[in-house]
Every structure is written in C-alpha cells, then in structure tokens.
Amino acid sequence: MSASVHKETAEDLARSVRDGSRSASEIARAFLERTGRTSDRLGTYLHLDPESILAAATAVDDRRKSGEPLGPLAGVPVAIKDNICIRGVPTTCGSRILEAYRPPYDAHVITRLRQAGAILFGKTNCDEFAMGSSNENSAYKPVRNPWDPERVPGGSSGGSAATVAAREAPLALGSDTGGSVRQPAAFCGVVGLKPTYGSVSRYGLVAFASSLDQIGPLARSARDAALLFDSIVGRDPRDMTSRPEAKGVDLEELERGVKGIRIGIPGQFLGEGLDPEIRACLDQVRDGLAREGATELDVALPHARYAIATYYLIAPAEASSNLARYDGVRYGLRAGNGDLRGMYETTRGLGFGREVKRRILLGTYALSAGYYDAYYLRAQKVRTLIRRDFTEAFGKADVLLLPVTPTPPFRLGEKTEDPLAMYLNDIYSIPASLAGVPALSFPAGFTKSGLPIGLQLVGKPVDETTLLRVARAWEKASDAARRAPALAEAAA
Amino acid sequence: MSTAPKAIAGARERYEPVIGLEVHAQLKTASKIFCCCSTRFGAPPNTQVCPVCLGLPGVLPVLNERAVRDAVMVGLAVGSKIALRSVFARKNYFYPDLPKGYQISQYDRPLCEGGSIDIRSGEGWKRIGLVRIHLEEDAGKSLHPEGRAGIHTTRVDLNRAGVPLIEIVSEPDIRSGEEATDYMARLRQILVYLDVCDGNMEEGSLRCDANVSVRPKGSTSFGTKTEIKNLNSFRFVDRAIAYEIERQIGLIESGGRVVQETLLWNSEQGVAESMRSKEEAHDYRYFPEPDLLPLDLDPAWIESVRASLPELPHALRERLVREHGIPEYDAEVLIETRSLASYYEDVAARSGQPKLASNWIMTEVNAIRNRDGLSIERFPIQADRLGALVGMIGAGSISGKIGKQVFEHMLTDPAAPDEIVKRHGLLPIDDEASLLELADEIVAANPGPAAEFRAGKEKTFGFFVGQAMKRSGGRAHPEKLQAALRAALAKQA
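Taken in sequence, the protein lines are chains A and B. Going by the working numbering, the first residue of the first sequence is number 1, and it counts up by one from there. Going by the working numbering, the first residue of the second sequence is number 1, and it counts up by one from there.
Keep in mind that a hint or two might mislead.
Derived lysine-lysine pairs resembling DSS-like cross-links, with alpha carbons at most 25 Å apart [unchecked claim]:
hint, chain 1, residue 1, chain 2, residue 2
1, A, 357, B, 91
2, A, 476, A, 448
3, B, 28, B, 91
4, B, 401, B, 355
5, A, 381, B, 91
6, A, 460, A, 247
Derived from the structure by calculation, the hints contain no laboratory data.
Hey, can you work out the whole structure from these sequences and the hints?
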C-alpha cells in the first residue's frame, strides 16, 4: 500500500487506477485508514460503511481486469453531503426527523458518479437541512476545522470541506444555497464551486430553497474540482430547472493563464466589516493576478447590500414549504399519539432543530396573506435588481473577485446565540446565489495565525471554466493550496 | 347541525340566487401530471406510486405535456384565452393525503382565462361565463375504515396523488340548481367529446363545489356566500343548491344573516353541514413553484391544438338541424354522446328517413338503453340494421306497429329486418282479395255496428278498422284495409 495515496490529486489517482499502477481497493483502504484516524475528532461523517466502499472498489478493479472501460473518476473516493440521496444509504440531512431514513433511489449526481467509476465514500456531516454557516446546526454533532479544531469548518457543507482539507477523501460533493459550499471551502482552505443554477441536476438533493440550491464539488485543487464538476454537470430531464446549455470544463483550458482576463472588484461593496487580513489577501491576489497579465477594474453591485435581507425572505419562504413534507405520515420520525394535529406538532417539534424552526417560521410569515407583497414579492423584485447588477458588471469584467467571508473561521459557540451575526457571515456569498451565477472559493492565503483565507470568483452564467482557470493560475503563482493542516500531516 | 328553516312561502320570489361552480375534472392522461406513474382507477392502494408522487425528500416534478395539451383543448373548446405564459404555484396546507404538504396548482397566472358555456334557460339559451381554467395535481385519498369503538384509524391511498386535474371556475352567472345541473351536464359533455375526461362523477373524475348566495331581486351587489363541497352527482348538485338557497332565504327572512363558511353536503341526510368558518379558513400561502419554470406556450402550437379539436356538441347540434332538417329538440337528444350522434347519422343515411330515424332512436332505442343501462356502442342493433328497418317503415312496406315487433326480434336476432319479417310471418296483407275477405268477415260478425254505420253513424267505422287490424295481427295495410271495409259495408247494404 502506498503511504502517499492521500497526497495525490484525484486526477492522478484515477489515472493510476486506469493504467493499473494502483488498485481502487488499495486507494479505498488508504483513505478508510486515514479517515479512521481523524474523522471522530473532526465529526466529518454521519455514515461511513467501509464494507460497501471496499466492495465498490473491488468492482472497479474487476472491471479493469475484465478490460471494461473505466470512467474519469475510476476508483476515486468521493464523499457525499448527507442531503444527497443514495439508494439504501441513510440520508439524514443532519436532522433527527430523518434519522432512520434510507432513500429508495439515487440522486442524479450519484448515478453520474457511479457511471464515472467514483467510489461513494460515506455521508458527510452538515448543518440540519443545509441551514447554517458553522456546522453547529447538525442534530448529531458539530464538525471541527482541521486547521484548528476549536474553530468551525463553516457550513453547511462543513463535513465535505473538512474531510477534503484533512485528506480523508480527495473529493466531496456539497450543496450551496447561500454559500454552503464556498464558505466552508474558504474556512477549510480548499476549492469549492457553486455552479450556475441549473448546471447540475437537483434531482435527489433534499431541497432547502429550491430556487437557490446547487450541488457543487469540493477539492484540493482547481483541476480536481473541474474533474468532479465535469462528471456531474449537464441537463437532466428529471429537473425542469436544469439548463440545456450547461457545459463541463476542459482541463487543458485551465492551464491558459489569466493574460487578458478582466477582473472586476466590487470595491464599494467590500466596505466595512471586512477583516483587514482578508482585505490584504485580496489585494495581494489582485496584484499577483495582474502580474500574470490580468487586468483589473472596479465594478459596482449597487443592490448587493440588500442581498442578505432578500435571501432571508426567499430562502426561508421556500424552505417553509419544502419542509412541510416531514409530517410523520409516510417516512422519517413519527411522534405523538392521538390526533392528527398532535402527531404533526410532536413530530415536527421533536424532529426539527432550532435554526430549522426559526427559518420555517420566518418563511411562513413572509408568505402569509397580507405580508406576501411586502416581503416575498418585494424580495423577488430586489433579486431581479441584484441579477441585473451582475449582468452589468459582466459587461465590463470576465470575473469578479471578492471575499467569501468577512472573517476567518470563528470559534465553535462564538455565534450560536446570535443568529443575525451568523447570517451576516454570508454577506459576500449570497449575491451570486440570488443571481444564479457560478461562484468559486479558492485557497488564497493564510492569516498570521495560520488559518486559511479563501477568496471568491464569480462568473458569467455557465462559465465555470474561467473561474477554475483563474483559480488554477493562483495555485501556480502561490503556495496557498499546497499547505496541509497539521492534523493531516500528523495523521500521515 | 340544525335543519334548514323553510323559507316563508312567497319569499322565494323576492330573492335571486347567485351561484358559481368550481369543477374539478381528472384528465385521462395515461400517466400522472408530474411523474410517470399510471393514473388507472381502482388499483390496489399505493401500488401506483413512485418517489415523486410520494413526495420523498429530493424529488422534483416534471410536467406532463399531454396534460397541458388536454387543458388547452378544453380552454379552446370553451373560448378561453390561452395564456402564452402561465405559472405553477404551491398551495400550502397540511393533510395526510397531501404528500408534499403542498399542492402544485396555478394561482395568479392560470393557463386559461375567460370563455363561456351556453346552457338551457326556459325556452332559450343562457351564457355562463368562465373565470379561468387551470392545471393542478390531485391529492391522495384518506380512508376511514370502521375501527373498534373509540379508535379512529385513517388510511391513506396515494394512487390518486398526482393525477392531473383541471379546475374550471365559472362566473357567478348561475341562478338555480337546475341551471347548475345543466351547466355541469354541458361541461361534462364537452370534456367527454374532447376525450380528455371520462366524466364519471361516482368515481370522482368530475367533482363540483358550489358557491351560493342570495340577494333581493334587483340588487346588483352580492350577498354573503357559502361554499358547498362534495357534490359528486348531478342530483346532489341540484339538491344541495336548492337546499342552500332555501336555507339562506329562510335565515334572512327570519331576521338572521348568512355566515361565510364552507359546508359539506351530506347526501344521506340531504343537508349541508358546516365544515369550517371564514375564521378557520386556510391561508394557503401561495407562491410560484420554484421547481417548475413558467409554462411558455408557442402560439403556433396552440393553433395546432385548435386545428385538432373534434366537432363540439353545439356545432354538431346545429349541423344535425341544418343537414337533416330535424327539430332542435331531437338534435339535442341525439348529441348526448358523439357516438350516439354518429349512430343517428348512419341510421338516417341508411334509411333516407332523417326524422323517422330520430324518432326511433329517441323512443325505441333509448328506451331499451335506459332499461338496460347500455351505451350506444353496446346496443345490440347496429346502425345499418336499424337503418334498414326504418327504411322499410318509411317506404310503407311495413307499418310502424309491425316495425316495433321486428325491432323486438332484432334485439336478440342478428338477422336482417326483412329476413325477420319473413321468418315471423309479419309481411303486410295488402292484396285486395285478402283484405276484402277479411272485411267481409268482420262486417258479417258485427251486424249491430254495421247497421249503425249504415244508419249514418260514421264514428262506427273506426270500430271496424280496429277489429280488422286486431284480427290481422296488425299486418293489414291501413289505407287498403279502409277501402276494403267501406266496400264490404256498402256491399251488404
């Protein structure tokens, strides 16, 4: 067994499986062993079944032996956020209400990953129903940041980001509604892509806010993120919101550098509240990319400052409806005895956590008769204005560069009593979500105390390629993506 | 629930009922509106379900194009404006047979707006306006089997969940239970003609809720309305509306006032029971369904649907009157279904006797169909055979009376009518010798009446005709028999 398996890129792992220099079983065993050493401390997984992982790896090896073609992710473990359905595998969404739930079907992305030869590597911990920015809203356990276990990994795809950062898995899928892939990617120092809304089918992603949810890849490099994205992108007839023009990424495109690329910086929007170390990092990246041949310009996103208010009307409104199905009638938790109303109230009272209840209440209120026009409808109008801001900005710029979060990773418990402070953490990630445009978080640098800083690139619709290309250029220009958390080094 | 106070005699005349109907019609698509499950009625509970219509976590709806086409057909048939863009919306409420906790429907941007249906009103016609027609999914069914005393069990069957429905909302143009019933019947006829709904009210393919209010005659403002649900037969539509009109007038006349509420028609007791008050009404929190894009239709596609519309009942009725010269009343009866009308057209063509063909179908054929509960497709006498029979009667080769005997035989005997006539000795007696012989015999056997006739009592002649016809088993040729009888009576004078 190769001790260096965990250091390899997903791309190299898949190549080695295809050319026979490594077996999928060997890779699976190596990652299972590493995961075994750190995942309890980090809280990264809600479900991990070594037997099925090894069986899947053996199947890939058998296919190679019998000369069958192997996919682009052959033998590569991919961790799956626990709000993505895998047939027969527990899918709890980090919630008590789905504690014993096993879906009878595969999500579209799971079908695609199986076709690509990937090894489905356990279900990662997340904030309950993907609602949260710290992973402290998981009903089961929090996730800890591999760079500093006293700090949060971000959320809601905290388990997916942390497991990739800790080298427990080379790749992971998360879901991003208002920043849930990008923010934990930034906090954990990995690449996280929120694709264009409609690029990746949502079929089998347990809905939080349907008009915003997107499944996205987490990886240690832009190339690996592109590889995973390429395996899941594309129109799915089972998702009517999936875009026919969605397209994958040619890895060779990513090597073309940034010469001539126009990078827009929404200077006005960055304003107050931004941590000086992140601001400095952003300036450093801007200058570095300029040295590589990119041009820089200032762009305006005049309505972006209303993004949080807008998001916290639209997302909870949709959530209040999406979560109505958890009623104890057909699946999941059923509690209470006696009458119907009692069953509803007890089931949902026990089954949902505080944050989920808070958002259901917010959303129910926003949609109520007499308030709909003032809240939900108005929010939709502002959303249109925000979308227009991006369209205008992209008239001048090819990509936008901005922070992912206003601060580096905070400590566990630091913001749990102040939901508003927690919500403000998503100020930079939410505008792209509302606009439906692709956005990527990439490792940009580190704070003096050694915490990762992620920066965000936002692109034109279905132009994920340019985002990955710029991120790839920075990888080559800096060492930010090459560092590993001490915990991961120790585990090796 | 108290029984309805009877309206004070005569008060009814001072009020005008105002009624609007909301009709739900199940579309006859093979699969459900948002998934591929079968829509077949009567399968064992929960066998026609999948993750989508069960509302499992993570599933998404995919719109059935056939359902859209069917709904557009209905809209075009009743003259609605078809929206080039309509929007699906979620109607949120909790109920065990509603798997997602919301129903996907349409709200502020329905598929069809406007349109009308003409109904009978006295001797003439009356136009009932339509507000809208929209597409939505059906819910499942809650069953409440009898449990042990004190234990209430509810079972949920989700086979019906996701079956496509259209909701057709009328303007408040209806004024009585009879008008409501006629509106329902004509709407049902259109749906069946379009072959988009089987129109079966017992199986719930067609369901009706009625909004009812009353106001003093001459008033232009509306009274407080109540909504009656669960009107699952034509008879219940009529009875429930009549009941509610009486109840509301009675209330007002006795100094009370109508309370806005939803009522449930109890067909066993013939009363409308209060279901929920205005205060208890749901706030459905409608909002646009984010899992479905707005439904955009191409005008050229709409025109292609229009071009594919079959002949509709009113056009068929007018054509039958025009082409066959039959009264409107006949045409109305004959267009009951498209196949009855085409049966008629075949009989008329074969016999060359359009009015006689209509008479025979309206009386003899429909009597047997009503007695045996037969659709025209299952009626044992094919159109060509009935046409031949009607042709024989029209040509005078047999009398109508003999025709009826032949008809009776034809119900069980597949032979051609002329063959039956021969086989059963039903050929008419029309040779003068035989008729004269018969006439002589009758006159001889009745000397009294014969004498009366000869004394100038003309009325007695009818008696001889009757006797002769009876003796001949109805086979005597009527005109020739009369001539023979007159000759016989004259001869013996």
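Results for each hint:
1. Simply put, residue 357 (chain A) and residue 91 (chain B) have alpha-carbon atoms about 20 Å apart, close enough for the 25 Å limit, and the pair holds.
2. Distance hint between residue 476 (chain A) and residue 448 (chain A) is fulfilled; the C-alpha atoms sit about 22 Å from each other, no more than 25 Å.
3. Distance hint between residue 28 (chain B) and residue 91 (chain B) is fulfilled; the C-alpha atoms sit about 23 Å from each other, no more than 25 Å.
4. For the proposed pair residue 401 (chain B) and residue 355 (chain B), the alpha carbon gap of about 17 Å is at most 25 Å, so the pair holds.
5. Taken as a hint, the residue 381 (chain A) and residue 91 (chain B) pair is honoured in the structure, with Cα atoms around 21 Å apart against an allowance of 25 Å.
6. At most 25 Å may separate the alpha-carbon atoms for a hinted pair to count; residue 460 (chain A) and residue 247 (chain A) meet this at roughly 13 Å.
When held up to the earlier numbered hints, the structure conflicts with none and fits them all.
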